[in-house]
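Asks: Sequence:
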Amino acid sequence: MHLLTALLTSNDFIYGPLFFMALFMVYSVVASKYKDDATKRLFMKAFYFKMLISLISSLIIIFYYRGGDSAMYYDSAVDLKNAVTDDSGNFWTIMGTKSLNSDSPIASYFLNDNSIFPTWESAHSPSNFMVPRLGLPFGLLTDMSYLCMSMAFSFFAFGGSIRLYKFFIHYFPDYQKEVALATLFLPSMVFWSSSFLKDPICFGSVGYLIYGLFSIFIRRKKILTSLIWITISVLLLFYVKVYILLALLPAVMLWLFSEVNKAVENKTLRRILAIMTFSVGAGIAYLLINYVGSDDSVKMYRLDTFLETSQYNRDLYKGFSTREQGAYFTYETSNPVLLVLYGMVATLFRPFPWEISSPIGFLSVVESMMFLYFTVMLFYKKGLVGFFKGAFSHPVFIMCLIFSLIFAAAVGSSATNFGSISRYKIPCLPFYLLMILIMYKQAGLKYPAWFAKAIGYRPEQKPRYRKPIH
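Under this note's numbering, the letters of the sequence shown match residues 2 to 471, in that order.
Worth flagging that the hints you see were computed from the coordinates, not collected in a lab.
Treat the hints loosely; a few may be bogus.
Label-pair ranges, simulated between beta-carbon atoms [said to hold, decoys possible]: (1) K382 - M26: 47 to 53 Å; (2) P337 - M370: 39 to 45 Å; (3) L373 - I15: 44 to 50 Å; (4) A39 - V338: 43 to 49 Å; (5) I233 - D37: 33 to 39 Å; (6) A39 - S89: 22 to 28 Å.
In silico SDA-like links for lysine to any residue, alpha-carbon gap of 25 Å or less [said to hold, decoys possible]: (7) K382 - V366; (8) K442 - F186; (9) K222 - S33; (10) K178 - F389.
Bear in mind that the values here come from a model prediction, so they are computed numbers and not experimental data.
Note that the Cβ used here is the ideal one computed from N, Cα and C, for glycine as well.
Use the sequences and the hints to build the structure in full.
Replies: So this is what it looks like as structure tokens:
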């Protein structure tokens with residue numbers, strides 16, 4: 002019962018409802034600014050769904066996973082809280098510290114915390130230390146309520162989801178149900194971005210980053226606010242999971258370059274510019290990725306060390322999965338092309354039904370089979386050329402495809418544990434799913450009855466036009 006008493010305490014029953022009400026009031030004010038009543042109702046439903054899943058996720062982590070990484074981050078946050086309690090000046094020391102070492106004034110709190118988790122070793126990594134550091138302010142406000150800290154992280158991820166919704170609905174106002182599913186209600190995405198982990202930070206940052214760029218370059222509004230959010234998002238991604246940022250760079254650049262090409266009316270000139278744009282964008286993205294990767298902390302993610310990093314991570318995860326008796330898998334190849342392809346398949350279309358080893362994996366199986374069904378049907382009906390012609394027909398599709406494939410290859414080729422992949426892959430899920438669904442409908446294909454019913458389409462109901470939301 003160690004984890005029960007460590008993570009779930011009387012403070013959660015006292016502060017949990019109060020913190021939820023505070024978030025509810027804050028978001029009610031935000032949602033009230035939207036003029037469209039249907040949009041208000043949709044966003045409030047998404048908020049309730051997110052908070053409910055945050056509660057369920059916290060309970061599953063406590064009682065099913067027995068804490069795991071989330072409990073380690075919580076213990077680290079308690080260490081930070083103890084340091085601040087002893088000396089309030091430590092708060093600013095903590096906020097300005099990327100990671101801990103033996104010379105840090107708060108090192109002793111980690112070395113002597115008696116945690117069953119390796120909190121001290123974890124705090125050496127800026128990526129790991131960021132989670133308790135960001136959770137500390139909310140912990141201080143709620144007397145270290147684990148549920149409140151999880152809700153705070155969930156709320157940040159929810160903000161990213163809302164911004165992805167607003168971004169996609171601007172381009173595809175006829176596909177409100179598809180956009181809502183992909184950005185607000187996709188079960189595994191909502192589940193894994195609703196806890197005291199790195200994943201909510203990263204998912205929320207992706208949403209804020211994309212919408213910030215959209216506001217500056219497309220809408221040309223709220224420039225200063227957007228620049229602030231872009232800066233925050235880039236820093237969070239850089240220090241927490243830099244490979245997400247590296248996968249986004251080429252995709253975003255190609256999207257923005259493609260938007261410029263759309264303004265050219267001459268078809269021949271547009272084709273020439275498209276080829277030039279793709280070449281220049283890919284070249285700049287390559288240089289940026291390797292420049293960012295010149296830092297020692299992220300050198301392993303450089304393109305010239307990708308294969309070595311993938312093999313190292315796979316060996317590491319395989320050992321861990323074996324000890325934990327998790328659902329792990331192997332690739333019997335050293336061919337880099339096959340490794341990339343296998344990685345894409347593992348991220349987007351696995352686990353298969355016979356590969357899960359726990360009830361929690363059922364959601365991932367359902368979603369993976371849904372992704373596989375629509376992808377296979379689209380390839381079958383349109384062919385390989387038709388698929389990629391559709392994918393390159395819209396700047397947003399280009400971004401979705403490039404980001405999804407690069408990200409899927411990186412994640413899938415490095416990990417061997419389906420549980421880990423289910424968590425790590427959530428940033429690319431909205432992009433890939435929405436691209437596939439809209440291409441599917443634009444190709445004149447009908448949804449299966451079960452899927453149409455699941456997302457709320459009545460028989461023969463056509464998508465209804467909605468004004469873009471800003």
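Asks: Take the hints in turn and mark each one as holding or not.
Replies: Hints versus structure:
1. Judged by the Cβ atoms, the range 47 to 53 Å given for K382 and M26 holds: they are separated by roughly 48 Å.
2. With their beta carbons about 28 Å apart, P337 and M370 fall outside the hinted range of 39 to 45 Å.
3. Hint check: L373 to I15, Cβ distance near 46 Å, so the stated range 44 to 50 Å holds.
4. A C-beta distance of roughly 47 Å is found between A39 and V338, which places it inside the suggested range of 43 to 49 Å.
5. A C-beta distance of roughly 28 Å is found between I233 and D37, which places it outside the suggested range of 33 to 39 Å.
6. Separation of A39 from S89 is about 47 Å and departs from the stated range, judged on CB atoms against 22 to 28 Å.
7. Distance check on the hinted pair: K382 and V366 sit about 24 Å apart at the alpha-carbon level, within 25 Å; holds.
8. For the suggested pair K442 and F186, the alpha carbons sit about 20 Å apart, so the restraint of at most 25 Å is met.
9. A C-alpha spacing of about 20 Å is found between K222 and S33, which places the hinted pair at or below 25 Å, so the restraint holds.
10. With a CA separation close to 24 Å, the supplied pair K178 and F389 stays within the 25 Å bound.
When the structure is compared with the earlier hints, violations turn up for hints 2, 5 and 6 and for no others.
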